[in-house]
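Student: Sequence:
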Amino acid sequence: SGTPNRTPISQSRPPEGSNTPNFGPSRLLDFELEMAFITTDVNHLGESIAIEDAQNYIFGLVLFNDWSARDIQGWEYAPLGPFLGKSFASTISPWIVTLDALKPFKVESPKQEPKPLPYLKQSGKKSYDIHLQAFIQPENKEETLVSHSNFKYMYWTMVQKLTHHTSNGCNVRAGDMMGSGTISGPTKDSYGSMLELTWRGQNPIKLKDGSERKFINDGDTVIMKDYCENNEVRIGFGDCTGKVLPALE
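Mapping of the sequence shown onto the working numbering: position 133 corresponds to residue 133, and the numbering continues sequentially without gaps.
Treat each hint with caution, since some may be false.
[To be verified] DSS-like cross-link-like pairs, simulated, lysine-lysine; straight-line CA separation at most 30 Å:
| hint | residue 1 | residue 2 |
| --- | --- | --- |
| 1 | K111 | K125 |
| 2 | K141 | K125 |
| 3 | K106 | K125 |
| 4 | K214 | K121 |
| 5 | K126 | K86 |
| 6 | K208 | K243 |
| 7 | K111 | K206 |
| 8 | K206 | K225 |
| 9 | K141 | K161 |
| 10 | K111 | K188 |
| 11 | K115 | K161 |
| 12 | K103 | K141 |
| 13 | K126 | K152 |
| 14 | K208 | K106 |
Quick caveat, the hints were computed from the structure, so don't treat them as lab data.
Hey, can you work out the whole structure from these sequences and the hints?
Tutor: In structure tokens, the structure reads:
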């Protein structure tokens, strides 16, 4: 957190009437409001982690901004999949909050229909009530809250993801980090990216300084915050902050 990153440069879709891809700075820079878990144990290469054991391999959680360049991503996604549109920057919060500390905030995850295959069938509360917020702050201006979501909206739980990830025998090491994917809730103000919040730029968001955003501009700072709270305690993860600098051309 606090490390600035530059707008990435790469290929994007050719303009209409041309067969030559564009090459230049991204014009559709986006954040993704996510969390990530940190592993605490290892499995041997070729071995999978059973779902009933998976939680023992997870040390704790961090807040995670999985920066994305939508125009680069859209061009390379088929046939390559995620590549330069995702690899240029990631931001995480300063604190890893352990699962022990999060126990008072365990909740049921969303009902899964159709039912998962047996190797992904879980029992008990495997999700957490963690409030998530995303703000955009233009340079030298006041920040504006643009999203308020919650980790409990995630359809697949951490233990299911770790179990599936290792089902082919992939080994994990202590200290590996695995992202949750974008955390979007059921309402428009709980969507976890500008792609969703503005419906790919069709519905710009108005900020407190009067400016509008379809995506993230050079000079903007994206600030993410999250916390758990009940009548006895409030737990924060620390701000997850990153400022966007202009591309180097």
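Student: Are the hints correct? Go through all of them and say.
Tutor: Do the hints match the structure? See the list:
no. : hint          : result
1   : K111 <-> K125 : holds (12 Å)
2   : K141 <-> K125 : violated (41 Å)
3   : K106 <-> K125 : holds (6 Å)
4   : K214 <-> K121 : violated (39 Å)
5   : K126 <-> K86  : holds (28 Å)
6   : K208 <-> K243 : holds (18 Å)
7   : K111 <-> K206 : violated (35 Å)
8   : K206 <-> K225 : holds (20 Å)
9   : K141 <-> K161 : violated (39 Å)
10  : K111 <-> K188 : holds (21 Å)
11  : K115 <-> K161 : holds (15 Å)
12  : K103 <-> K141 : violated (38 Å)
13  : K126 <-> K152 : holds (9 Å)
14  : K208 <-> K106 : violated (35 Å)
Checked against the numbered hints listed earlier, the structure breaks hints 2, 4, 7, 9, 12, 14; every other hint is satisfied.
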